[in-house]
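In case you want the letters, here they are:
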Amino acid sequence: MNSATNSGRALPWALVTPALGWTLLFFVLPFLAMALSSLTAHDGGGFTLSNYSQFFNNPAYWQAMVNSLQVTAIVTLISVLLAYPFAWILAEQVPARWQRLALMLAVLPFWTSYVVRSYSWLLVLAQNGVINRALTGSGLFAEPVQLANTRLATIIGFVHFFVMLLTLTIFANLKQLSPSYRKAAADLGAGPVRTFLHVVLPLTMPGIMVGAFLTFVLCIGDYITPQILGGNNELLMPQLVMMQIGRRGDFPLASALSIILMAVVTIAYLACARWLKIERA
Amino acid sequence: MRSSTVAKAIRILSGLYAIAIYGFIFLPVVVLVLFSLQATSFPIPPFTGPSLRWYDAVLADTRLTSALVNSLLVAAISSAVAVTLGFLSAWGFARFVLPGSGLLRGLITLPLTVSYLIIGMGLLVLFNWAGVPKSLLAAGIGHVVINLPLCFAIIYSQMGDHQINIERAARDLGAPEWKVLLLITVPVMAPAIFAGFFLSMTFSWDEFVISFLLTRFDTTLPVEIWNLLRSGLNPKTNAVGSLVFAVSIVLVVMFELMLLRRKPA
Amino acid sequence: MTAPLVDICSVSHRFGQQTVLKNVSLQIEPGSYTILLGPSGSGKTTLLSILGGFVTPSEGKVLIRGEDCTAVPPAKRPTTTVFQDYALFPHMSVGGNVGFGLRMQGIDAATRNARAREALALVGLSTAFDKKPHQLSGGQRQRVALARALVVEPAVLLLDEPLGALDLKLRRQMQDELKAIQKRVGTAFIHVTHDQEEAMALADHCVVMNDGRIQDEGPPERVYARPATRFSATFMGESTLISGAVTAAKDGTIAVATQVGPLSLTGALPAGTTVALAVRPEHLVLGAAGGAVGLGTAKVSDVVFQGSFKRVLAVSAQDPALHFIAKVAAAAAVQPGDIVAVSCDAGDIILLAS
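Chains A, B and C supply the protein sequences, listed in that same order. Numbering follows numbering that gives the first Met the number 0, with no gaps: position 180 of the first sequence is 179. Numbering follows numbering that gives the first Met the number 0, with no gaps: position 57 of the second sequence is 56. Numbering follows numbering that gives the first Met the number 0, with no gaps: position 243 of the third sequence is 242.
Just chain A, same shape as in the assembly (with noise of 0.2 Å):
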């Protein structure tokens, strides 16, 4: 070994060492803590696993697991069908210079508060808001339609959000596709929809996979938008942790749910790992 290596060695370590350490200290042990208190029991007894099986046993518990995998399906579908198209429209009918504005414009309530994005929909949904006095004023409807504290409520919060965050990807995936091969599609005779439905769509998809997962882990975890548009009238999965501390104190069983989310997402990833590579390669 000469000098040369020897003070190469101890500088690559000092730059790396304090990222490292954190996420060591303040991620990995934290889940650790999380994953052994899941294991104990909620007053203060030794190992157990009960945590565990009250999630398997009780079915309010498994109610809101249900719910959770359910909403994010919905959530995940209609915001792929819808953004798709909007970021197709303002990839390729946009004009390029104002591209950059419009796709600007289209998610910038996309950076405004969680919480407040929430509140504004409850404004709109709410018993006498903006749509109800819509519906009454025009006569379709005699009475207002309850649509806040409904499971409606927290999908279509949670649609607006997703359908920015796909928007934002399937566009870049969009304007990475190089025009010739749309010009060579229509060079060998494919009409627009033909070259549509036979080289972008399928060159994209990777991109979808990819919006559709991260679509699926944010919105699976999300506690924000559940408890403010759906309320209390039926669970999600993050509600009912945030009961656990909040109403009880339970920090052990808290954690054994937390986990068990956990496990799902990573399942989740596990089955769509295969067409989220694709991306990569």
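None of these hints come from the bench; they were simulated from the model.
30 Å max Cα-Cα, derived DSS-like pairs, lysine-lysine:
| hint | chain 1 | residue 1 | chain 2 | residue 2 |
| --- | --- | --- | --- | --- |
| 1 | B | 178 | C | 130 |
| 2 | C | 131 | B | 178 |
| 3 | B | 178 | C | 75 |
Derived contacts from chain B toward chain A, CB cut-off under 8 Å, selection only:
| hint | residue |
| --- | --- |
| 4 | 113 |
| 5 | 128 |
| 6 | 147 |
All C-beta atoms, glycine included, are put in the ideal place defined by N, C-alpha and C.
Could you slot chains B and C onto chain A? The hints should help.
Coordinates of chains B and C only, in the frame set by chain A:
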């Protein structure tokens, strides 16, 4: 003939669809801002004319104003820490061959795949167990956990081979390592560093669950707004929400400008 | 002259499992222009990186001005490098770039600006001092990189494919300028390239590398006229290679059985040695008015008009595996399909052990 009518139909349908989606996206924001400007006690239709009454109420509310200052402080400090740690580690990983580099980089970016709720829960359990009291500092630590991988990923992705040669050239001309860092790497990477910083600022500024779990008396603005929500629909919430929106827009515009500035280089 | 300026002693280098340099020794004289010529993967760039201090060799030593520099970091050795992508600092002005090395030596701003201006004048860019690198053309950036590396007065200047990013016309023009600048400053230049024309135009000393070894070294005229190995016969210019074996050796004359029949040549190789006979394209004679040594007949497969001459490819009638490459006058009437006699002068045959 036929293809031009098809193209025309596509254009018209596209236009209608885009208008509908823009409408959907902006509906809640417009309602929020509009009814923050009305003097009545309920932010509901009909709109009764502009007034800044509720903005005065927000600015007179010391709980809200101090939460706003707290939020800015936590966002600025935690983002500065996150971007510093992210930059140093990105530099280390991009420039030197380290054993297990792929695994260690994976570890740093791992928190990106875990929801804020679970990160917050973990810290809550750990701090509870270690006797660390709930505080803004605890929330700030959590914010660094969520923003460090983001800063690392942005800066690491911008450290290309061309920059490796630029640093080599500086070393070749006699610059010691710390001068390479200060005179070459930091200025060359400045756009990515600023982008990481402002993106962290917006995320920290907006973050709710971690702050909710880890603070008690002194808290951040999103948590304070959450507390306001208990009183139902309230024009004061509209006003503070509109202010928060305005700050976010400023941060995003700064972030966009950073990205634009990076382009010609 | 006592010791060489640079002395590379038995240097070997491995990247993981792969050995990229195999026991390379080379001496560089002061004031010389040395070209390291070879295809990609030949180890030439690794050798330059070892000289620059960016790579520490697995084995062997590098002495510069008699001092062991093997493990001295780039900042502390008397070499500077002109990088292939120029590696100009994008956030500094041209003047800031050129003055950077002097700034690192702690030289005050006024002195270093004056010297940076001198260096820029040397490369013909006096007016660019306040510009930013992105405002310059490729050729101008190249000159700034050169000025930046020269201003610190290195003992050796290392150039890593410096003309690789330029278009052909600019490359030829920069070639001439590089040579002129090198003569003016008198610094030893070591220049890596895969372009043999560049090598012939610039080098005082040409080093042909392949597969981690030095194949041949010497003045470019000698390397071209009398290549030492099969590889340098084909890489530094083209050659027709005829394989054969020595059947008898007597009194400085050898009989060789070749693809085109038995030939008698001057040489001193023992019987049984397999050899290759290399002939440069301009030395092959096509048609009846031939040279002293007959190489059989061949069928012309392709004629390419190159402006001042025609390049002719022909397949030997004696052995279809043998392809002749010849250069004939632009006016010569050769057509694909012609059957021609091939010959050359005995003195133009280069005998290579293979």
